[in-house]
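S.K.: Chain by chain, the residues run as shown.
4 protein chains.
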Amino acid sequence: MSSTMKSKVIGIDIGYIVTTIALVDIRGTILALDSFMTANYPQINSFVEQICERVVLLAEANGGFDTVRSVGVTAASANYKTGSIENAVNMPWKGEIPLALMLRDRLGLAVAVGNDAHGTALGEFSFGSAHGMENFVVISLGHGGVGSCFFSNGHPHLGCHGFAGEVGHTCVIKDGRQCTCGRKGCLEEYTSERGIIQTAREIMEESDEPSLMRSLPELTSMAIGSCCDQNDKMAWEVFRRTGYILGIGLANYASITNPEAIILTGEQTQVYKWLGPSMEESFEQHVFHNMRGKVKLVVSTLDNRERDVLGASALAWTVKEYSLFL
Amino acid sequence: MSSTMKSKVIGIDIGYIVTTIALVDIRGTILALDSFMTANYPQINSFVEQICERVVLLAEANGGFDTVRSVGVTAASANYKTGSIENAVNMPWKGEIPLALMLRDRLGLAVAVGNDAHGTALGEFSFGSAHGMENFVVISLGHGGVGSCFFSNGHPHLGCHGFAGEVGHTCVIKDGRQCTCGRKGCLEEYTSERGIIQTAREIMEESDEPSLMRSLPELTSMAIGSCCDQNDKMAWEVFRRTGYILGIGLANYASITNPEAIILTGEQTQVYKWLGPSMEESFEQHVFHNMRGKVKLVVSTLDNRERDVLGASALAWTVKEYSLFL
Amino acid sequence: MSSTMKSKVIGIDIGYIVTTIALVDIRGTILALDSFMTANYPQINSFVEQICERVVLLAEANGGFDTVRSVGVTAASANYKTGSIENAVNMPWKGEIPLALMLRDRLGLAVAVGNDAHGTALGEFSFGSAHGMENFVVISLGHGGVGSCFFSNGHPHLGCHGFAGEVGHTCVIKDGRQCTCGRKGCLEEYTSERGIIQTAREIMEESDEPSLMRSLPELTSMAIGSCCDQNDKMAWEVFRRTGYILGIGLANYASITNPEAIILTGEQTQVYKWLGPSMEESFEQHVFHNMRGKVKLVVSTLDNRERDVLGASALAWTVKEYSLFL
Amino acid sequence: MSSTMKSKVIGIDIGYIVTTIALVDIRGTILALDSFMTANYPQINSFVEQICERVVLLAEANGGFDTVRSVGVTAASANYKTGSIENAVNMPWKGEIPLALMLRDRLGLAVAVGNDAHGTALGEFSFGSAHGMENFVVISLGHGGVGSCFFSNGHPHLGCHGFAGEVGHTCVIKDGRQCTCGRKGCLEEYTSERGIIQTAREIMEESDEPSLMRSLPELTSMAIGSCCDQNDKMAWEVFRRTGYILGIGLANYASITNPEAIILTGEQTQVYKWLGPSMEESFEQHVFHNMRGKVKLVVSTLDNRERDVLGASALAWTVKEYSLFL
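Residue numbers (this note's numbering), protein chains in the order written: chain A, 1 to 326; chain B, 1 to 326; chain C, 1 to 326; chain D, 1 to 326.
FYI, nobody ran anything at the bench for these hints, they're computed from the structure. All clues given are correct.
For identical chains, the list gives no copy identity; a pair is met inside one copy or between any two copies.
Straight-line Cα separation of at most 16 angstroms, EDC-like style, residue types lysine to aspartate or glutamate; simulated pairs:
| # | residue 1 | residue 2 |
| --- | --- | --- |
| 1 | Lys81 | Glu134 |
| 2 | Lys184 | Glu284 |
| 3 | Lys233 | Asp208 |
| 4 | Lys184 | Glu281 |
| 5 | Lys6 | Glu60 |
| 6 | Lys294 | Glu134 |
| 7 | Lys6 | Asp66 |
| 8 | Lys273 | Glu237 |
| 9 | Lys233 | Glu206 |
| 10 | Lys174 | Glu284 |
| 11 | Lys294 | Glu321 |
| 12 | Lys320 | Glu134 |
| 13 | Lys294 | Glu280 |
Small disclaimer: the values here were computed from a predicted structure and weren't measured.
Excised from the complex, chain A in its bound form:
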C-alpha cells in the first residue's frame, strides 16, 4: 500500500484557566496556535465540542485536517493508562471524564491523554534538557502543587495504575502541615507557591523584627524574591527553609530513582535565583552519598509559552495512527 505519511499532530494543554491548541510538526515547530478560556465550558460535552471545532479549524487553515496524524492532550489528573481525567480537583468537570474516547469518537483520530507532568517529561525528552537521557526526573513547581514524572530505562514510568510521580504528596515533615489532600506534611505544602507564602507568614509571626515582606500589598513568591534582592533577611529565610525542604524531597526522590538529572519546570522556577542555592545545598546533603555531585539539577530551557503544547504534541506521537479502515 503506497502512502504519504502524516507529519503533524495536534497538542492540546488543558489548564485551569486557558486551554491551548497547537498544530506541531515532527521537530517541535509550532505551526499554529489557538486558545480559549477553560471555564467558559463548564459542561464537558460543550468543552469537548469546542476543542473539536477549533482543532478542525486550525488544521483546515494549515494544510488540511487529513494531514494530522493524531492528538495529544495534557491535563491535571489525567491518566494515560485510562485516557481519562480522573477526579480533577480544580476543573469544572467532576468524576471520571473519558476524554480520549470522546475526542476520538468526534475527530476520528487517535488520541492520547496524559497528565501535565507526563507531558512535560515527554517534552523535555523530545525537545529539551532530557534529550538522550534514559533516567531522569522532571519536577513542576506550580502555584498550587508540585507535579512530577520520571523516566526509567528510556521510558516514562507511569506505575501500575498510571499514578506514579506523586512526589508532591510524599511526606517530608512527619505530622507536618495539613495538605489539601487530607494527609499531613506533603512536600507541596512547603514548596508550591502556596507553601512558600505560608512559610513567609509563619516566619513573620515568629518575631516582630522588621521585614520588607510585611509591607507587601500581596504576598507572592516573586514579591518575596524581590525583597531578597533588597537583602531582606526574613525573605531570604523563606527561601532557605523552602529550599531546605525541597532539597530533602528531591534527594529522597533521587535516592530512590538515581536519575541522570532533575529538570525543574513550572512557574515557580522564576524564583529559582533565590530558591536554588539552598535547595542545591540541601539536596547534596541529603542524597544517597554515592550520588553526591552526580545528579544534575537543571532548570528547563524550553520556552514557557511552548512547553505545555510541545509536551502534549509529544504525547500525540505515542499512540498508533488510527483509522476506521485499517
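Go by the hints and put chains B, C and D onto chain A.
M.R.: Same frame as chain A, but now just chains B, C and D:
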C-alpha cells in the same frame, strides 16, 4: 551451528558472614549447594580463588563444568552496571573490587554481579510473588539496613549509575537520628533491627513504667516481639512507632513509583506479625490517595535458605553466554 | 492492602484435534491436566462453556479457583493484540472469535490469547532452550504448516498488527509450488510434512529407479525417514532437498533477525535425524557471512506433552491480574 | 550539582567517497557542515585525526567545543554493539577498526558508531516518516547494495551480534546470480543499481528487438528510466522484473516482521517512479495475506543532503554523556 544449550547456572550470594554457592536450573531447582565463611578470606584474591575452586568442584560433581551457562553474584554494595563491589561498608575488601571481571577471567564464563536487593527483586520476579508484575517494589528489612529495588515496565530500575532503590537512606524524619551514612533521619535508622532496638531504648528511657523489655538479656527485635505476645504495652509501642515510620517510608516510595505490590523480605520479616498492622495502617494513611487500597503489601513466600542464591541465579541469566570463541 | 499472591495459572492449548487445559505453577510444574476433543464443540459458545466448566473443576480440585491468577490460551491464528482467533483455517469456528473477552466475561479472570508460535516462544524463553536469550527464533515444523515467532531485545516481536513471524509464508522458490494460502513458493509448501511428502512424490516420478518409498503403505515423513535408515537413496534425496530449502528459509530469517539461536519444535523435529544435516549445511551456506558459525541451531528439549500448555501458561503471566474490584 | 545541558551533537557519515561532519541540534537543525574526500586518508590513524581536527574546528566556530554532548558516526559495515567498522568491503581500512574507541580517546566525548542502515532508521524515527512508529522497516537501495534496519517495539533490532537487517543478502532466487558475498541469488544482486543494469543486459541479450537502451552511452538506472519515459518496452521490462523481485524480498521481510511501514531511501529511490508500481504489485501479491493492504510503502521525504548526518546525529543521542570526571 548445531548445539546443545546449557541449562544450569551458578548463583553465588556473598553475605557478611557466609558465602553460598548454588548450582541452579532454569526453573529454580537448586541442584547442589556449598558455602564457606566469608571472613576466612580477607584478601580479595584468595576469596575469588576460593569461589572459583568451589564452583568448579560443584559443577564437576553435578553434570560437569561445561554444562554451566553463566554465573550470578549478589553482594551488598555491588553495582550491576560496573560489575564491581563498590566501597562495601562491612566487607573485608575495601575500595572498588572488579568482581565480575576477576571471576570471568578465572572461570571463562559470563558473570553478572549485582547488589542484594537487585538479586532479591529478580528472584521474586522469576520465582516468587512478583512473577508477572511489570511494576513492583522489593524491600529487604535486615539487621543493619534496609535495601530495595523496584521494577519499572517489567525491568529492574537501576538508575543512571546503578544506585537506585536507596529508600533506606531517604530522610523520613527531618533532622532525625544520626545515620551511619553521615546524614540524619534515614529510614533505616528507624526500621532496621538496629533502629527497632534504638526505639525500644528510647521508649524505656521516656518513662520508668515497668516493661518486660527491661529484663531481656539481649534486646533483639524477636525478643521485643515475644514481649508483645505477653501483652507488654511498651513493646507494642516499639512496633507501633516503627510501623508508623516504615509506613511513611513505603508510602513515599509508592507515591513515587505506584507499584502493583511491595514485597517484604529480609530477616526482619520475622517480626511482621507485630510490625505489620501499624505499618499497613500508616501506609494507607500516607500513600497518595488514588493508590489507597490498591498497592498490595506482601511478605515473600520464598524459602529463606534459597532466596539469595535463587536471586543470584536469576542474575546469571541476564548476561549473554560468553565464550572466547564466539 | 495486605494480600496473598496467586501463584498458579491456567494454560490452555487449543489444537485442531485436542484442547488441553493445565494448571501450572510459577516454575512450570504442571499440577493438573485435562483435555477434550476440540471437534466435539463446533459451536463457539458451547466450546467456550466447555472450557470454563473444566477450568473451574480443575481449579476447584487443586487448591481452589481463587488461587488462580490468570489464563493463557494458545491457538492457531490467534492474535495477542486483539485477543481473538482470526479466520482460523482448520478450526470449526469461522471469522473473528473474541476468545479473550468471552473467557474473561465468564471466568472473571484476566485472559491472554496468542498464537501457537507465540506461546511456544514464550515457553522456550521461560522454561526451555531460549532462557536468558534476548534475540532468538522459534520455528515449529508441523504436519500442515510452519509457524514461527522471534524475540527482539528480550521481548516477543509481534509486529504492528500481531502477525509477525510468518516465515512459513515467505517465498523461497520464485513461482514455486501453489500454497494453500493462494501464493506460490511458500516455505511451508516444502518443509511441512505435507511438503516433504510432495517432494517424495516428485522424486519418485522423476525416475523409475527402485526405492523402498514406493512400497510404503502410507507416505509420512517418519516412514520416509525409516527408508533412510535402510540407506534408501531416494529417501535421502527427499530430506536433502527439504533440508536445502529449509536451510535457505532459516538463513533468510537469520540474516534479517540475527538470532542467538533458532530453536526447532513441532512434530517434524522427529525427522531431524535425517533432515538436520542438510538443513544445517544449507543454512551455513546461505546465511549472511558474518553470522556463519554463530547462530545456534537446536531442537527443543521440552517435553512434547508439556510444551504447548507450558507456553500457554507463560502467556497467562503476561497479563495484569484482573479483578472487578481493583 | 547545578548544570547547563549540552544541546548539540556531532553527526558524521563516512561514505565511500565523501565523509561529512555536521553539528546538529536536538530538533535536527543542521547548524554547520564540513566534508572531505574519504580516500584522501587511506591510513586509519590519519583519517581519525582528520575527523577530530575538523570536529574541533566546526564546534569551536559554532558555539564552542564544550557545548557538544556526543558524537554519532555511521559507516558501512559498522557495528553498534562493538563500536567498530568490521571488514568493510569498499573502505580503504581493512580488518576491525575500533572507531568509537579511537574517537573517544582523542575527543574526550561519548561516541556511538553504527552502520548506515541503523543510522538511517534512527533518522527516519527521529525526524522522518517513521516518527511515532513502534515497528517499521527502512530499506536503502544503493548503487552497490541494499541495506536495511527494522524497529521492534520502538527500538532498533540489531540482533545478537549487531548484524541484523541483512535483507540484501537473503536468497530470493534459489541458485541465482552469483553475489559478491560468495552466495547465490541474493536480493541485492537484482535490486541494487548493479543488479538493475545486469537485468538490463540480460534482457537485451534475450532478443535482438530494438530498444533505446542499446544506444545509451552508459547503462545506469536513471538512463534506463528515461528510456521508460519514451515508452521503451524493454526498459519497462527491466523495472518490471526488478520490481517483481524486490516485491518478493520486501514481502518476505514484512511477513517476518509485520511492520507498520517500509520506508525506502537511498539513491535508487530516484527510479521509484518506474520501479514502484511493479514492486508494490508484487509486494501485495507475495506478502502474508493478513497483511495485504496494511503495510505502508513510502519513500523517505528527508532531504538527501541531510539524511545521513541526521541519522548519525540521532545515533549520538543514544550514548550516555561521557566525562572523565563523572
